[in-house]
Amino acid sequence: MRAIITVVGKDKVGIIAAISSLLAQNNVNILDISQTIMQGFFTMIMLVDLQDCKLKFSELKDLLIKKGQEIGVDVNMQHEDLFNSINRI
Amino acid sequence: MFTSQEIIETINMVKQSNLDIRTITVGISLFDCSSDIPQRFIDNMRKKIIKYAGNLKNVANEIEDMFGLPIVNRRVALTPISLLTFSYSYEDLIKVATAIDDIAKELEVDLIGGYSAAVHKNYDENTRKFISSIPDALASTDRLCSSVDVGTTRSGINLDVIAHLGFIIKEIAQKTKDKDSFGCARFVVFANAPDDNPFMAGAFHGTGEGDCSINVGISGPGVVKRALEEKKDASIDEIYETIKKMAFKITRAGQLVLQYASKKLKIPAGIVDLSLAPTPKVGDSIAEILEEIGVEKVGGYGTTFALALLNDAVKKGGAMAASFTGGLSGAFIPVSEDSGMVRAVEAGALSLGKLEAMTSVCSVGLDMIVVPGDVEAEVISAMIADEIAIGVYNNKTTAVRVIPAYGKKEGDEVNFGGLLGGSKVMKINRSSPKRLIERGGRVPPPIISLRN
Numbered sequence: 001m002r003a004i005i006t007v008v009g010k011d012k013v014g015i016i017a018a019i020s021s022l023l024a025q026n027n028v029n030i031l032d033i034s035q036t037i038m039q040g041f042f043t044m045i046m047l048v049d050l051q052d053c054k055l056k057f058s059e060l061k062d063l064l065i066k067k068g069q070e071i072g073v074d075v076n077m078q079h080e081d082l083f084n085s086i087n088r089i
Numbered sequence: 090m091f092t093s094q095e096i097i098e099t100i101n102m103v104k105q106s107n108l109d110i111r112t113i114t115v116g117i118s119l120f121d122c123s124s125d126i127p128q129r130f131i132d133n134m135r136k137k138i139i140k141y142a143g144n145l146k147n148v149a150n151e152i153e154d155m156f157g158l159p160i161v162n163r164r165v166a167l168t169p170i171s172l173l174t175f176s177y178s179y180e181d182l183i184k185v186a187t188a189i190d191d192i193a194k195e196l197e198v199d200l201i202g203g204y205s206a207a208v209h210k211n212y213d214e215n216t217r218k219f220i221s222s223i224p225d226a227l228a229s230t231d232r233l234c235s236s237v238d239v240g241t242t243r244s245g246i247n248l249d250v251i252a253h254l255g256f257i258i259k260e261i262a263q264k265t266k267d268k269d270s271f272g273c274a275r276f277v278v279f280a281n282a283p284d285d286n287p288f289m290a291g292a293f294h295g296t297g298e299g300d301c302s303i304n305v306g307i308s309g310p311g312v313v314k315r316a317l318e319e320k321k322d323a324s325i326d327e328i329y330e331t332i333k334k335m336a337f338k339i340t341r342a343g344q345l346v347l348q349y350a351s352k353k354l355k356i357p358a359g360i361v362d363l364s365l366a367p368t369p370k371v372g373d374s375i376a377e378i379l380e381e382i383g384v385e386k387v388g389g390y391g392t393t394f395a396l397a398l399l400n401d402a403v404k405k406g407g408a409m410a411a412s413f414t415g416g417l418s419g420a421f422i423p424v425s426e427d428s429g430m431v432r433a434v435e436a437g438a439l440s441l442g443k444l445e446a447m448t449s450v451c452s453v454g455l456d457m458i459v460v461p462g463d464v465e466a467e468v469i470s471a472m473i474a475d476e477i478a479i480g481v482y483n484n485k486t487t488a489v490r491v492i493p494a495y496g497k498k499e500g501d502e503v504n505f506g507g508l509l510g511g512s513k514v515m516k517i518n519r520s521s522p523k524r525l526i527e528r529g530g531r532v533p534p535p536i537i538s539l540r541n
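One line per chain: the protein sequences are A and B, in this order. Take 1 as the starting number for the first sequence in the numbering used here and just add one per residue. Take 90 as the starting number for the second sequence in the numbering used here and just add one per residue.
Hint data in this document are derived by calculation from the structure and do not stem from the laboratory. Treat the numbers as computed from the prediction; the structure is a model and nothing was measured. Be aware that a few hints might be false.
As the list claims (entries may be wrong) - Per the computed footprint, the stretches of chain A lying under chain B, defined by three or more beta-carbons under 8 Å from a beta-carbon of chain B, are: (1) 9-22; (2) 63-73; (3) 81-88.
What the hints assert, rightly or not - Restraint ranges, calculated between C-beta atoms of paired labels, are given here: (4) K12(A) with K320(B): 56 to 62 Å; (5) F394(B) with D62(A): 44 to 50 Å; (6) K370(B) with K10(A): 24 to 30 Å; (7) K321(B) with D62(A): 27 to 33 Å; (8) N504(B) with Q69(A): 32 to 38 Å.
Claimed, not checked - Using 27 Å as the maximum straight-line C-alpha spacing, the simulated DSSO-like pairs for lysine-lysine come out as follows: (9) K56(A) with K66(A); (10) K104(B) with K12(A); (11) K67(A) with K104(B).
Every residue gets a Cβ at the ideal spot worked out from N, C-alpha and C, and that includes glycine.
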């Protein structure tokens, strides 16, 4: 299963490191990553593969949200299919 | 990989524009549960509802988690109960109603529909008894919903039952007076009722449906409004195109949820209802879309025009996004559930007369309208008759969900909480239609019914 993770917030040192190490600890493979400043905010978008992740979707999501709160950014994870459905015919 | 723009837009649809799935509704046939012993029917019914909908809450929660898409309501729709309880006494009917309500509570289903009857042709003694039980059935339950179909384009309009329903609605209001006559919000009168409608109070599992199916009703007026906000100076055809595109995207989300829920619950997928349905939240209102299109206040001239194009664009956009569509597809205009509508009523801009005109192009009809509690039963019947006529003669579904709030007068406020919202009591026309309603009888179907 693949998911899209977005991280939005004020830019600072260590955001990518914090999120990606959490993913690595849970065997989540990052397939694609892009990062940009949109509307004044640091915005990171990741496509990840959850195939080898032992956690349930909601558990991993909760961990990410918690980590986001620690470093002051808004983290979101949604199943890839939502983006596929809405944006691709 | 998606572009950043696409991803941010999709996330904003949910986070800032209140995109949500209004409801997942499991429709269940009860034909194989029937028995002339009421308790046996109840036991069979319980077993079957638990079998199909027992996991509904968990699956809906899982979908919310996976897609980050809120699902506002989990619902169950049943075979019209009147078809299975011909021989039951009044007391047994109430027992069935409360048993259904208990099952809904046990499964944490928000609403359960199907305490329903279709009387568009004949009004026999059994059905009369059933309809007479509706006030007590609603007063002794919290989640049960009820509906009566009183007319179709194919068979005409049954004025006898419409005359009766005026009194029934007053009785429901009286019996649920402690909760601002809340029972009336769980009862709707229909013309041309669809079999696969996931929206309450009118949801039931039609006789043409299979053993079980799952239907999804989408929502998302906020998403459309936001898209229109970026088109301040656009011409009306561009506005139409924008609504169509957004309706497509919203419906795709609905189709995804339908497929996922169907797979998880092992229930065949039914339809996606392509609807824009408001919630009382600010920014999630149909009225605000109409005002964004250019009407200063909903109810002013131009409102019917704006609603007509909105409704058509939603259907066109959505029709390509989902394989099976149905239900009541279009824009809903309930008053109490829509913060913009409530504001327009308070400002005196939106009258019942204008609402009735709007129902000729909306997806349902006079919906969640609070009127003074001392209204004559015949006036309610005549309001129903008008609305049913619009449906029957124009070959569309229409409905009436009106609440004569007990003890309240024009300008007072009522509050139902949750999705149903609250509203001021509206001004009604007091001239008496008694002579008309008391004639009773049946109106023959219109000439368009002879099409074949």
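>> Range first: 56 to 62 Å. Now tell me if the beta carbons of K12(A) and K320(B) are that far apart.
In response: Check failed, 36 Å falls outside 56 to 62 Å.
>> For the hint 44 to 50 Å, verify it against the beta carbon of F394(B) and that of D62(A).
In response: Between F394(B) and D62(A), where Cβ atoms are some 48 Å apart, the hint holds.
> Okay, K321(B) versus D62(A) on CB: inside 27 to 33 Å?
Replying inline: 40 Å Cβ-Cβ, so the 27 to 33 Å window is violated.
> Is the straight-line distance between the alpha-carbon of K67(A) and that of K104(B) 27 Å or less?
Replying inline: It holds: about 19 Å lies between the C-alpha atoms, which stays within 27 Å.
>> Between the segment 9-22 of chain A and chain B, are there enough contacts, at least three residues with CB-CB distance under 8 Å, for the coverage claim to hold?
In response: Since three or more residues must qualify, the claim that chain B covers the segment 9-22 of chain A is violated, with 0 doing so at under 8 Å.
> Are there at least three residues in the segment 81-88 of chain A whose beta carbon sits under 8 Å from a beta carbon of chain B?
Replying inline: Coverage by chain B holds for the segment 81-88 of chain A (6 residues, Cβ < 8 Å).
>> Taking 8 Å as the Cβ threshold, is the statement that the segment 63-73 of chain A is covered by chain B upheld or broken by the three-residue rule?
In response: violated (count 0)
> Under the criterion that the straight-line Cα-Cα distance not exceed 27 Å, is the pair K56(A), K66(A) satisfied?
Replying inline: holds, 15 Å
>> Against the range 24 to 30 Å, how does the distance between the Cβ atoms of K370(B) and K10(A) compare: consistent or not?
In response: Between K370(B) and K10(A), where Cβ atoms are some 28 Å apart, the hint holds.
> Is the gap between the beta carbons of N504(B) and Q69(A) within 32 to 38 Å?
Replying inline: Given range 32 to 38 Å: holds, Cβ gap about 35 Å.
> Can the restraint linking K104(B) and K12(A) be considered satisfied, given a maximum Cα separation of 27 Å?
Replying inline: With a Cα-Cα distance of about 23 Å, the restraint between K104(B) and K12(A) holds, given a limit of 27 Å.
The structure fails hints 1, 2, 4, 7 (numbered hints given earlier, in ascending order).
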